[in-house]
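S.K.: Protein sequences appear in the order of chains A and B.
Reminder that position 361 of the first sequence reads as 667 in the numbering used here, one-by-one numbering, no gaps.
Reminder that position 31 of the second sequence reads as 25 in the numbering used here, one-by-one numbering, no gaps.
Think of the hints as simulated: they come from the structure by calculation, not from any bench.
The structure presented is a predicted model; accordingly, all values stated were derived computationally and were not measured.
Fair warning: there could be bad hints in the mix.
Partial list, computed: chain A residues near chain B (C-beta under 10 Å) [to be verified]:
no., residue
1, 365
2, 477
3, 870
4, 878
5, 889
Using N, Cα and C, we set each Cβ at its ideal position, and we do this for glycine too.
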Amino acid sequence: MHAAIVFLPLVGAIAAGLFGRWLGDKLAPIVTCVLLVASAILSWIVFFDVAIEGHVRTIELMSWIDVGAFEVNWSIMVDQLTAVMLVVVTTVSSVVHVYSIGYMSHDPHRPRFFAYLSLFTFSMLMLVTADNFVQMFFGWEGVGVCSYLLIGFWYKKPSANAAAIKAFVVNRVGDFGFALGIMGVFMVFKAVTFEAVFDATPDVAGQSFSFLGMNLDIMTTLCLLLFVGAMGKSAQMPLHTWLPDAMEGPTPVSALIHAATMVTAGVFMVVRLSPMFEQAPDAMIVVAFVGATTCFFAATVGICQNDIKRVIAYSTCSQLGYMFFACGVGAYPVAIFHLFTHAFFKALLFLGSGQVIHAVDGEQDMRRMGGLWKKLPITYAYMWIGSLALAGIPIFAGYWSKDLIIESAFVSDSPMGGYAFWLGVGAAFLTALYSWRLIIMTFHGRPRMSEHAFGHAHEAPRVMWVPLLVLAAGALLGGLPFLGGIMVYHGGHEFFGHSITILGENVIELAHEATPFWVKALVLVVAASGVAAAYIGYMWKPQIPGLLASNFRPLYKFLLNKWYFDELYDWLFVRPAMRLGHGLWKVGDGAVIDGLGPDGLAAATLNIARRARAMQSGYLYHYAFAMLIGVAVIVSWFLFRAWG
Amino acid sequence: MTEWLLSLAIFLPLVGAVFIISIRNDDKAVVANNARLTALWCSLIVLVVVIAIWVIFDSGTSEFQFVERRDWIPAYGIQYYIGVDGISLFLVVLAAVLTPVCILCSWEAIQNRVKEYMIAFLIMEGLMIGVFCALDFVLFYLFFEAMLIPMFLIIGVWGGPRRIYAAFKFFLYTLVGSVLLLVAMLTMFFVAGTTSIPELMQHGFPPDMQRWLWLAMFASFAVKVPMWPFHTWLPDAHVEAPTAGSVILAGVLLKMGGYGFLRFSLPMLPDATVFFTPLIYTLSIVAIIYTSLVALMQEDMKKLIAYSSVAHMGFVTLGIFTLNQQGIEGGIYQMLSHGIVSAALFLCVGVIYDRIHTRLIARYGGLVNRMPLYAFIFMVFMLASVGLPGTSGFVGEFLVFVGVFQDNTWVAFLATTGIILGAAYMLWLYRRVVFGELVHEDLKTILDVNRRELSYFVPLVIIVLVMGIWPDPFLGVMHASVENLVAQVQPAIDMAHAAGN
């Protein structure tokens, strides 16, 4: 059964990918959908089996790489942490598959699209079921490639191709750290399975080794290297630049890969490696810092974007920041809880915005929307539910998880606790602000598009909005105790068993007990005032944002241009690499090596020959051969002298 | 009982070549066709023989197997002495796999002097297998040198417009190296009194002499690999060579450098190997970063892949000189993987070159619109070249990284940047050639890969995936031989450490 969960999507991918021509445009999507739904149902069965019965198991499939001590198996490990990821991945993926039947109905390359989606799901499942670093890396790169293929799915668009390459290469920068981390783990532990490494971690804690000529703490170094990988995949500063561009892909892809699953792999990794991170307090501080900073930074950019998908993309970036600083203060179960609820409401928001884009003929700029709520009542309701959950309004899923993250940061004694807490609160305000800005700009006010386009706007077909009921239910109920809540009850320890290690004080329990009332109130107040600010700024007094933008022009420009990260990287890495490449080619290879080497040799020989005029056969190789003999004689002389 | 199998694999292609010489007919087309068919069948039989050797091969021992030993020039103790171990076996397999592929991909592309072309390839195959089997230094040198001739002819006769320049550059570089190798060989003969490779491995040359011998051999092998800065012959040779020439060049010829290090430098000159490891590390790192950057700026597809070859072979030399189990096996695996993947990438270029007759990247774009199957195949090899887990490229590359990291973290750190640059230039190449709108007029009628092309692409795709997912049949066979090799070098490492402390 466990193997079926992982491999059914692969079967679907092969069926649609290689035999898509035989299956046809109608059947190929259906085959992949059926297989995925089956995988999702099995996942829920396994989830209850693991969560309630505690049946944790590892299935070894076969040996992969086995060289000396470096032994890696293909395997499927299902513990509590994996079980949560399994249901998240397969459920959201099923919904996205079914939704895509409607969304992609006019696309001529449907079988290819569904093959990629299923292949992505397979890779993601291999990632979360890995029992060793290398298989995790396999899934890690696998989802990266699928993301690359899907962002560039509309291959005729140059912007989509550019975004796809950017996503892959920036992720590779992260993988560079991940790969070095794995090498380091192997060097220190002589093993790459989680079990062996985690067992030996306490013995290694506090020791140091030589890395890049410096004497560094082993656990801190390894954790930071691995965390670089997590930053790339989960779009944390400063490796976040690929995520907003990734919105070039079809919207279901954004929902599945760039919101619910792949980008959360970094969070999953940190939680999976909690036994290591717990032994590396300095690395934890970095995790909390990066998470909190990204969480706030992305929210500030989110309020200035006009592309509906980019707003949600920055929001994803920001929510991932919440998850990371939860990890950083030691509240791993809450990070996973937020990952769980976020997957539902964020996928709902993306697919909802997909319905909007679908309705207005591919328009993504919110400045050319407005007034759509009457035309799209169901979508409107979905977007409200999603936004309520995202903003952390009570009873909705996001409230339970986000609230607890902020409280955990508050009670934590981590040096970054205060920093994370205040930035988290600030981001909560901005989250509510940009969410309602989005709703108001899209659905309210007067329509800012052509009469014709507005007249044609229509609600999505049933195959699209019905599956979203699952996500809406998740966004509504996902936080309630009987579903998501069990993860954080009793400090999360009982549910997660041995899959998460917490060494210090349990911040979640502390948060349950010791959070002062004003903190709980503050979180609610900032969320509510964010909503209120959006209403004031975009409905009652629409002139305010314009005034703010013109009065604080540099700040507005700074935010609109996403803190100029792209420009910085272009200037710092891309252009120099190009210039260097060109220089090395023309000067290094051309002028220096060839000039002094063969071409120079030939020229010199010809020159000497022309002067000598003694041997004038005129053939290049005669001269070259003469020189060779000379070289050989010299070397022989040295050799024999050294020997004799 | 099976000792004749290797000789069969070496001489069968030569027999096939003789057969082709004897084909005579007034109709040129008939001659050409018979030559092609004879060459194809001959190379396929060799492939079967070689696979049989692989199957019978006993992976439990590091001894040479299928050994055949006859006196040849008794006055100097020179013998016809051949055999394979876990290191050379797969290089033989690689040569046997790629030769039929070469013949198939030249089926229509080569129209003049078909007979001579096929003869050249069959002779080449025999010599390539011979080089990897030879256990006598003189025999090795003979094969090693003789191989230059058919390759030189393939580039010089069937090559592109600048073929003469490229052929001479290729010839000059390799010849300089070879001459020095000859000097080293003679010296070793005078010192040790034998040309038997297994005996030379046991001899133990004095350390200061080892360094000179090592440098002389290095000159030869570094050119072959090719290591920076001896690499500039490779892009020119590739660009001018016909597709099949590039396939053999990238697939097998470059491996002779790596093989030479493994067979000669490491076991025979362990002290010098340890002494010169920093040099190899430096050159490899420079190769990886330098040529990756250069590859980024190429406008010619073949040149780009040629530069990427130099970078990938940098991982090979890096792995070999880690002198530990993971690194060396990774290096060998990377050689095999690169042999298949870069050969396949050159074949991919060949497919569109045969149709449009240009290699300029800017002349393509949007091929996926007309050639979906081609786009898929190219994608697989492109990702394998990038080192995606699940393809052959990952296993070798990652083992090399793991091996290097244990020895030197700076080197590992710098080498790993290669995975970023590699992704950049390959994805960018793929995007410019395959994605986008079909703009150029002549591409609007281009045809997708045909059955003949599929007949070699499909097996190569399967090999790349199997090697990525289930490397055991390959790695398992190497273990014993590599363990033995590591044990041979270990005393030298320990001594260097002791001296260092």
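S.K.: Hint by hint, say whether it matches the structure.
M.R.: A quick look at each hint next to the structure:
1. 365: Status violated, d = 17 Å.
2. 477: Holds: closest Cβ of chain B sits about 9 Å from residue 477(A), inside 10 Å.
3. 870: violated, 22 Å
4. 878: violated, 14 Å
5. 889: Hint holds; residue 889(A) Cβ to chain B Cβ min 9 Å, cut 10 Å.
Hint check: violations occur at hints 1, 3, 4; the rest are consistent with the structure.
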